[in-house]
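Trainee: My request is simple: use the sequences and hints to build the entire structure.
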Amino acid sequence: GESVGLHLPTLSVQEGDNSIINCAYSNSASDYFIWYKQESGKGPQFIIDIRSNMDKRQGQRVTVLLNKTVKHLSLQIAATQPGDSAVYFCAENTGTASKLTFGTGTRLQVTL
Amino acid sequence: EAGVTQSPTHLIKTRGQQATLRCSPISGHTSVYWYQQALGLGLQFLLWYDEGEERNRGNFPPRFSGRQFPNYSSELNVNALELEDSALYLCASTKSGTVNTEAFFGQGTRLTVV
Numbered sequence: 031g032e033s034v035g036l037h038l039p040t041l042s043v044q045e046g047d048n049s050i051i052n053c054a055y056s057n058s059a060s061d062y063f064i065w066y067k068q069e070s071g072k073g074p075q076f077i078i079d080i081r082s083n084m085d086k087r088q089g090q091r092v093t094v095l096l097n098k099t100v101k102h103l104s105l106q107i108a109a110t111q112p113g114d115s116a117v118y119f120c121a122e123n124t125g126t127a128s129k130l131t132f133g134t135g136t137r138l139q140v141t142l
Numbered sequence: 177e178a179g180v181t182q183s184p185t186h187l188i189k190t191r192g193q194q195a196t197l198r199c200s201p202i203s204g205h206t207s208v209y210w211y212q213q214a215l216g217l218g219l220q221f222l223l224w225y226d227e228g229e230e231r232n233r234g235n236f237p238p239r240f241s242g243r244q245f246p247n248y249s250s251e252l253n254v255n256a257l258e259l260e261d262s263a264l265y266l267c268a269s270t271k272s273g274t275v276n277t278e279a280f281f282g283q284g285t286r287l288t289v290v
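Just so you know, the sequences run in chain order A and B.
The opening position of the first sequence corresponds to residue 31 in our numbering, with each subsequent residue numbered one higher.
The opening position of the second sequence corresponds to residue 177 in our numbering, with each subsequent residue numbered one higher.
Don't take every hint at face value.
[Unchecked claim] Simulated crosslink set (SDA-like; lysine to any residue; CA at most 25 Å straight-line):
{"no.": "1", "chain 1": "A", "residue 1": "Lys101", "chain 2": "B", "residue 2": "Glu278"}
{"no.": "2", "chain 1": "B", "residue 1": "Lys271", "chain 2": "A", "residue 2": "Leu41"}
{"no.": "3", "chain 1": "A", "residue 1": "Lys72", "chain 2": "B", "residue 2": "Arg243"}
{"no.": "4", "chain 1": "B", "residue 1": "Lys271", "chain 2": "A", "residue 2": "Ile77"}
{"no.": "5", "chain 1": "A", "residue 1": "Lys72", "chain 2": "B", "residue 2": "Leu259"}
{"no.": "6", "chain 1": "A", "residue 1": "Lys72", "chain 2": "B", "residue 2": "Ser183"}
{"no.": "7", "chain 1": "A", "residue 1": "Lys86", "chain 2": "A", "residue 2": "Lys72"}
{"no.": "8", "chain 1": "A", "residue 1": "Lys72", "chain 2": "B", "residue 2": "Thr185"}
{"no.": "9", "chain 1": "B", "residue 1": "Lys271", "chain 2": "A", "residue 2": "Asn83"}
{"no.": "10", "chain 1": "A", "residue 1": "Lys72", "chain 2": "B", "residue 2": "Leu215"}
{"no.": "11", "chain 1": "B", "residue 1": "Lys271", "chain 2": "A", "residue 2": "Val100"}
{"no.": "12", "chain 1": "B", "residue 1": "Lys271", "chain 2": "A", "residue 2": "Asp79"}
{"no.": "13", "chain 1": "A", "residue 1": "Lys101", "chain 2": "B", "residue 2": "Val290"}
{"no.": "14", "chain 1": "A", "residue 1": "Lys72", "chain 2": "B", "residue 2": "Thr288"}
{"no.": "15", "chain 1": "A", "residue 1": "Lys72", "chain 2": "B", "residue 2": "Gly234"}
{"no.": "16", "chain 1": "B", "residue 1": "Lys271", "chain 2": "A", "residue 2": "Asn57"}
{"no.": "17", "chain 1": "A", "residue 1": "Lys72", "chain 2": "B", "residue 2": "Val290"}
{"no.": "18", "chain 1": "B", "residue 1": "Lys271", "chain 2": "A", "residue 2": "Asp61"}
{"no.": "19", "chain 1": "B", "residue 1": "Lys271", "chain 2": "A", "residue 2": "Ile78"}
{"no.": "20", "chain 1": "A", "residue 1": "Lys72", "chain 2": "B", "residue 2": "Ser203"}
{"no.": "21", "chain 1": "B", "residue 1": "Lys271", "chain 2": "A", "residue 2": "Gln88"}
{"no.": "22", "chain 1": "A", "residue 1": "Lys72", "chain 2": "B", "residue 2": "Arg198"}
{"no.": "23", "chain 1": "B", "residue 1": "Lys271", "chain 2": "A", "residue 2": "Arg137"}
{"no.": "24", "chain 1": "A", "residue 1": "Lys101", "chain 2": "A", "residue 2": "Tyr55"}
{"no.": "25", "chain 1": "A", "residue 1": "Lys72", "chain 2": "B", "residue 2": "Ser241"}
{"no.": "26", "chain 1": "A", "residue 1": "Lys72", "chain 2": "B", "residue 2": "Phe236"}
{"no.": "27", "chain 1": "A", "residue 1": "Lys86", "chain 2": "B", "residue 2": "Glu278"}
{"no.": "28", "chain 1": "B", "residue 1": "Lys271", "chain 2": "A", "residue 2": "Tyr62"}
{"no.": "29", "chain 1": "A", "residue 1": "Lys72", "chain 2": "B", "residue 2": "Phe240"}
{"no.": "30", "chain 1": "A", "residue 1": "Lys72", "chain 2": "B", "residue 2": "Leu187"}
[To be verified] If you want the footprint, here are the derived chain B segments under chain A, 3+ residues with CB under 8 Å:
{"no.": "31", "segment": "186 to 192"}
{"no.": "32", "segment": "198 to 204"}
I should point out that these hints are in silico values taken from the structure, not numbers from a laboratory.
From the three backbone atoms N, C-alpha and C, an ideal C-beta is built for every residue, glycine too.
Mentor: Encoded structure:
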């Protein structure tokens, strides 16, 4: 379904720690998922994607985990840095002629 | 290669006026998506255009409309502006009509209705 207009939850982590951002998606038919990072005053930027035939994908310092059984997606950021401070959104798509549906987003605050 | 470009970056209108926002997709991209992001909130899907046609529409009133031109650029029009239309309007583009590829976003147009 559509993302709802809720105020963003905030995750605070210390610099150097690992961050885990979670996302529950709505459509069991969704087969493609993306994580986006949005810094203040900017548009969302692609971080990493995963297709439904995978349960894990790794990038540079980031890992996305997909659990289709419970319709859950997570983004893990290793050794979090101040530059990681941003709002993170997950997005899902069904693969048919459709739209990207975004989750509500999580604000990540990195403390020194 | 230029990314997705949106204009204007900022727009101030009064209640009841009309606003026109523009988006140029990445070269080679045929699909354009519009999203509304109210301050501090998530992204709400507005419209999806592909190959000049409206393919999908979000839960917004008819005063939100748009079109896609033969060069795949797009316009979003908001008529009879209301205060709650104040938001960041984001445009994204993808290579094909389905979104099993990465969508690239522009920097957005900040619309303020006073």
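Trainee: Tell me if chain A covers the segment 186 to 192 of chain B under the three-residue, 8 Å CB rule, please?
Mentor: violated (count 0)
Trainee: Has the given pair, A/Lys72 with B/Thr288, been kept, meaning a C-alpha gap of at most 25 Å?
Mentor: 17 Å, holds
Trainee: For a C-alpha distance cap of 25 Å, please report whether B/Lys271 and A/Leu41 respect it.
Mentor: Status violated; Cα separation ~33 Å.
Trainee: For a C-alpha distance cap of 25 Å, please report whether A/Lys72 and B/Arg198 respect it.
Mentor: This hinted pair holds, its Cα atoms lying about 17 Å apart.
Trainee: If you draw a straight line from the CA of A/Lys101 to the CA of B/Glu278, is it 25 Å or shorter?
Mentor: 20 Å, holds
Trainee: Against the 25 Å threshold, does the CA-CA distance of A/Lys72 and B/Leu187 hold or violate the hint?
Mentor: Measuring from Cα to Cα gives roughly 16 Å; hence the hint holds.
Trainee: Would the hint linking A/Lys72 and B/Gly234 be met if the CA-CA limit is 25 Å?
Mentor: 23 Å, holds
Trainee: Taking 8 Å as the Cβ threshold, is the statement that the segment 198 to 204 of chain B is covered by chain A upheld or broken by the three-residue rule?
Mentor: With 0 residues in contact (Cβ-Cβ under 8 Å with chain A), the coverage given for the segment 198 to 204 of chain B is violated.
Trainee: Please verify whether A/Lys101 and A/Tyr55 have alpha carbons no more than 25 Å apart.
Mentor: 6 Å, holds
Trainee: Mind checking the alpha carbons of A/Lys72 and B/Ser241 for me, to see if they're no more than 25 Å apart?
Mentor: 24 Å, holds
Trainee: Quickly compare the C-alpha distance for A/Lys72 and B/Leu259 to 25 Å and report which way the hint goes.
Mentor: Distance of about 22 Å is within 25 Å: holds.
Trainee: Holds or violated: are the alpha carbons of B/Lys271 and A/Asp79 at most 25 Å from each other?
Mentor: 16 Å, holds
When held up to the earlier numbered hints, the structure conflicts with 2, 7, 11, 13, 23, 31 and 32 and fits the remainder.
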